[in-house]
Each structure stands twice: as structure tokens, then as C-alpha cells.
Amino acid sequence: MIFSTRLHPTWHSRAGAAARLAFATTALLTLTGCDPNDGKDGDSSLIEQTRLAVLSDECAFGGVQIDTGVDRNGDGVLGVGEIQSSEAVCNGSDSPDVDTALAQVVADNNLTADPSIGRMLPTIDDPLARLGMLLFFTKGLSGDSDTACVTCHHPFLGGGDDMTLPIGVAAENQDLLGPDRRHLSGAEGFDGGPTVPRNAPTTFNIALWDQVLFHDGRIESATKIAGTNGADGQTRTPDVPFGAIDPANLPNMTVAQARFPVTSPEEMRGFVFEAGNSNDDVRNHLAARFADTLSPAELSVNNWLDAFREGFNDPTGTAAQLITYDNIALAIAAYESSQTFVDNGFKRFVEGDTSSLSGDAKLGALLFYGEAGCAGCHSGDFMSDEGFHVIAMPQVGRGKGNDNGVNNDDDFGRFRETGLSEDRYAFRTPSLLNVAETKPFGHAGAYATLEAVIRHHVNPREAVENFDFSQLDFGVQADNMAVNTAFALDQLDALRASGQSALPEVTLSDADISRLVAFMESLTDYCLEDSACIGRWIPSANDADPDGLRLRALDRFGNPLALQ
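Residues 88 to 651 in this note's numbering are what the sequence shown lists, from first letter to last.
There's no promise every hint is true.
To be verified - Computed beta-carbon distance windows for the label pairs:
#1 495 - 546: 44 to 54 Å
#2 495 - 549: 23 to 33 Å
#3 375 - 536: 23 to 33 Å
#4 384 - 206: 37 to 47 Å
#5 618 - 199: 39 to 49 Å
#6 384 - 275: 46 to 56 Å
Calculated directly from the structure, the hints in this document are not laboratory data. In this text, a Cβ means the ideal position worked out from N, Cα and C, and glycines have one as well.
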């Protein structure tokens with residue numbers, strides 16, 4: 088008897104595994120020839136059976152495998168030793184099997200891919216956000232009028248600075264941004280390398296954080312109510328001890344964050360301006376500078392009152408009423424909160440557009456939410472649990488002055504806030520929205536590519552031992568990287584041994600890693616790839632320059648900075 092078996096395909100979400108063959112529980116048997124015994128009594132039959140080749144290297148998007156052989160035992164299925172030949176017929180990247188599997192993952196994880204839903208967020212056209220943009224770009228907010236918020240958080244640079252570690256004040260060229268920015272020789276603390284000890288986090292989607300801000304969570308909502316950005320006035324900041332609530336009754340965490348870069352000597356304050364005085368002294372001095380109440384005046388051009396009147400829609404307001412640091416922070420926070428970028432390929436897939444993702448991105452998503460275990464920490468629509476985890480990213484740069492017993496340039500991360508031993512070397516889980524635009528990666532910016540970061544997650548110790556120092560920017564302090572990072576690796580091992588680590592132990596092929604990268608690249612908002620679109624968050628020639636101190640970003644060649 089000669090017949091074929093056509094089996095309904097099933098789906099397994101493991102990408103890059105050895106070929107797995109899956110049989111369905113029902114089959115359609117088509118008789119193509121028979122003998123009088125109908126295949127019974129042990130008579131041999133020639134059988135062709137079709138089965139699914141699941142995400143193998145041969146069939147990356149699934150498909151069917153057609154086996155031909157002799158059914159010697161007459162059970163209707165080709166078993167071991169009965170298959171004579173096999174042929175794979177593969178699906179394309181638009182296979183409905185892939186789309187169906189990913190749609191099921193989306194449903195199982197209750198994803199909308201839009202963490203902005205239900206939030207009241209400003210747009211860049213709102214007057215307060217536009218005032219915030221002017222403030223964000225003025226060097227007048229720094230102690231020595233040589234740096235601006237945008238120095239480390241430029242829209243064309245993914246809301247960061249595209250540097251391993253930032254250089255804030257005292258740069259050779261104040262307006263040059265990106266990896267070729269250099270610290271001025273002879274400036275305070277000059278050693279040829281960057282001056283800020285941690286990588287600049289992106290300002291993009293800052294209003295979507297609900298629990299903590301900064302790598303170590305030193306801005307923290309006490310209530311952590313989802314969808315609020317800490318909008319209940321119950322916020323802990325560096326102005327108060329850990330666990331206490333800042334009495335400033337801050338409207339949300341984004342406003343709270345806007346109060347602190349100006350107080351950092353390395354970032355914006357400098358080393359002379361209000362040296363030795365409190366954070367509030369710094370803020371009040373800057374507000375008085377903008378309100379033009381100092382004698383002598385510190386701004387040779389000062390049209391800020393007009394800008395504040397427009398931003399706060401108060402045409403008769405006085406400088407004393409409008410130009411306070413509280414209002415400066417409100418405006419900057421409005422500008423930052425308008426930088427909400429969540430329209431990406433994955434979101435459109437979730438909304439029903441199966442063509443919005445490449446085949447590799449779809450397979451990467453299946454891995455991400457499956458065996459790779461990424462969604463354990465990069466969870467939800469925001470793709471972050473907002474928690475703190477030890478993954479032992481390379482420790483480079485000046486560090487935060489923590490003494491590990493060998494060196495005093497380590498960075499103990501969240502431990503610096505909580506004092507809990509399990510928090511040593513723990514850092515906040517970043518959101519992966521727009522992650523491809525926010526390089527370099529890690530709390531110290533040690534990795535230049537997403538591939539390198541994924542490989543580190545798979546095998547942290549091997550990644551550190553084989554670390555490519557050439558990916559660091561010029562002058563980054565790295566002499567103690569191996570020793571300092573070894574302590575973090577030991578901490579990770581200890582947490583794993585005690586069952587306290589959330590970092591999955593997985594094996595991924597090169598193809599798996601490429602697919603994960605493709606998925607992460609699909610999380611980029613389309614606006615960030617269009618200079619005209621993202622350029623709306625950069626002042627134009629038609630926007631007022633109230634103090635003549637606008638930072639006009641330049642590239643290494645002295646040309647206006649362009650979208651990277």
C-alpha cells in the first residue's frame with residue numbers, strides 16, 4: 088500500500104534550536120495505492136509523511152519536512168530506521184505560523200506595546216514644553232555658562248550623548264557633542280578622560296517611569312502607582328535621606344529629576360559656582376540669574392521674563408512670580424515629558440500590521456518572550472520591571488569612589504542607596520524602547536553594540552574576560568576594569584547560587600543573537616529615524632534665544648550636528 092500522511096502543523100517558539108519535528112494529533116490519510124492486506128499483518132508499505140520542521144537552521148521560519156520510506160511495521164508512521172529520504176519545504180518570513188505564534192505571545196503577556204496609554208502627557212507644541220526646550224538648550228543654566236542639559240541629552244543622539252561616559256563642564260569645545268568631546272586640559276580633575284562616572288540615560292520616554300529614575304534609583308516614588316510617574320508628591324530625592332520624602336512636594340519624578348543635574352559639579356554646576364553650598368543655594372542662584380535680580384547681572388542679554396510669560400500663559404506675571412527654580416524644573420520636565428516615542432514596528436504588529444516586523448524580528452520576539460528569558464526583567468509594555476539587578480557589566484571610568492578593598496574607583500550601584508548587601512553592583516533595568524538609538528549600553532557605557540550586550544547577558548564572565556577595549560571612547564579610564572568587574576561577577580555568582588538572581592542562564596546561537604538584535608531594533612520609534620520629525624525637539628532659528636547662550640551642537644568637523 089502506498090499512501091501519504093499530511094499532518095496539521097504545530098508551532099514551537101524556540102529559535103535556533105536543532106530541528107525539532109512535531110506531529111499533530113490528527114492526520115488526513117490519503118490512499119494512493121493499496122494491496123489486499125491493506126497494510127496489515129506486518130506487510131511493508133511505502134509511506135510519505137509531512138511534518139513540521141520547527142525553527143531550525145534549515146527552516147528559520149518553520150515549514151514542513153517530507154519524509155519518504157517504508158512502513159515496515161504497518162503502523163502508518165515512519166519510525167526510526169524506516170525513513171529513506173527527507174526534503175524540507177520552508178516557509179518565508181511572512182509565514183502565518185510565525186505571526187500566529189507571536190500574536191499568541193502578545194496575548195499571553197497582555198501587551199499593548201504602548202505604555203503611554205492613559206497618561207496625560209504634553210506635546211512639543213505646548214507652551215510650557217517649548218519654554219522647557221529653551222531652558223534645556225541654554226548654557227546659562229550651568230554655573231560657568233559652558234554647558235547645558237542638552238550637552239548630555241541631545242535628540243539627535245537618542246536623548247543621550249553617544250559617549251561611553253559624559254564630559255559636562257570644562258570641555259575643549261563647549262558646543263561639540265558626541266564621542267569627540269574632550270575635557271579641557273588643566274581643568275579641575277583633568278586626567279585625559281571623561282569626568283562623569285555613569286553613562287547618560289536617555290531622556291526619551293522619561294515620563295513613562297513610575298518607580299525610579301537614574302541608574303541607582305536615587306529618585307524614587309514612595310507609592311509606585313502605575314501610570315503616574317510618581318505624581319503624588321511622595322518622592323524621595325538625593326536632597327533627603329534614603330526612605331524619606333522630599334518636602335518640596337514635587338509634582339512627579341520627572342520634575343524631581345530636573346532639579347539635580349545643575350547641582351553636580353561635573354555635569355553643570357562647575358567647581359567654583361556656589362562651591363560648598365547647598366543644592367538649594369545653587370538652584371536659587373540660577374533662578375536669580377534668570378530673573379535678573381543679581382548685581383551685577385550675570386547675563387548680558389536677558390529676555391527670560393518674556394519667555395516665562397509665554398510658557399506659563401501669564402502675560403502680566405513678574406519675574407519674582409514666574410522665574411523660580413520650581414518653575415524652571417516644571418518647564419524642563421514638560422519638555423522632557425513631551426519626548427514620548429512609542430510608535431514602532433512591534434507596536435504596529437501588536438495593533439495588527441503583520442508586515443511591520445521583519446522575519447528575523449518576529450523570531451527574535453519569540454525568543455525574547457520565550458527561552459531567552461529577556462522578558463523576565465524587560466517586562467510589560469515599557470519593557471522594564473523598574474527593578475535592580477546584578478549583571479556585572481564592565482566597570483569603566485572614574486567610578487563613584489566606592490572602595491572594594493583593592494581599588495577605590497568602583498561603583499556599588501543600588502547599594503549606595505539602600506545599603507543592602509544584595510544590592511551591591513545592582514543597577515536599574517533599562518527600558519528597551521528605542522534601545523538601538525541609545526547606545527552605548529550599561530551603567531558605565533562599556534558596550535557599543537546590542538550584540539555585545541546580549542552576549543554579556545548569556546555569559547557575563549566570558550564577556551568580561553574577552554572585553555574589547557577598543558569600543559570605549561578615547562581616554563576612558565579602564566585600568567581597573569578587570570579587577571573591579573570581577574567583584575561584580577562574584578556577586579552575580581553568589582546571587583545565582585542562592586537563587587536571588589533573575590538573570591537567566593541560557594545558551595543562544597549566533598542566529599539567535601542576531602534575531603534578538605533585530606527585534607530590539609524594531610522597538611525604535613519611526614520619528615527618531617526622521618530628522619524633520621525629531622528636529623521638532625530642537626530650537627529653530629525662529630525660536631527665541633533669551634540669553635544668547637543657546638548650545639548649537641556641532642559634530643567633530645565643526646558642522647551642525649545631524650541625526651546619527
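Any hints this thing doesn't respect? Which numbers, in order?
The structure conflicts with hints 1, 3, 5, 6, although it agrees with all the remaining ones.
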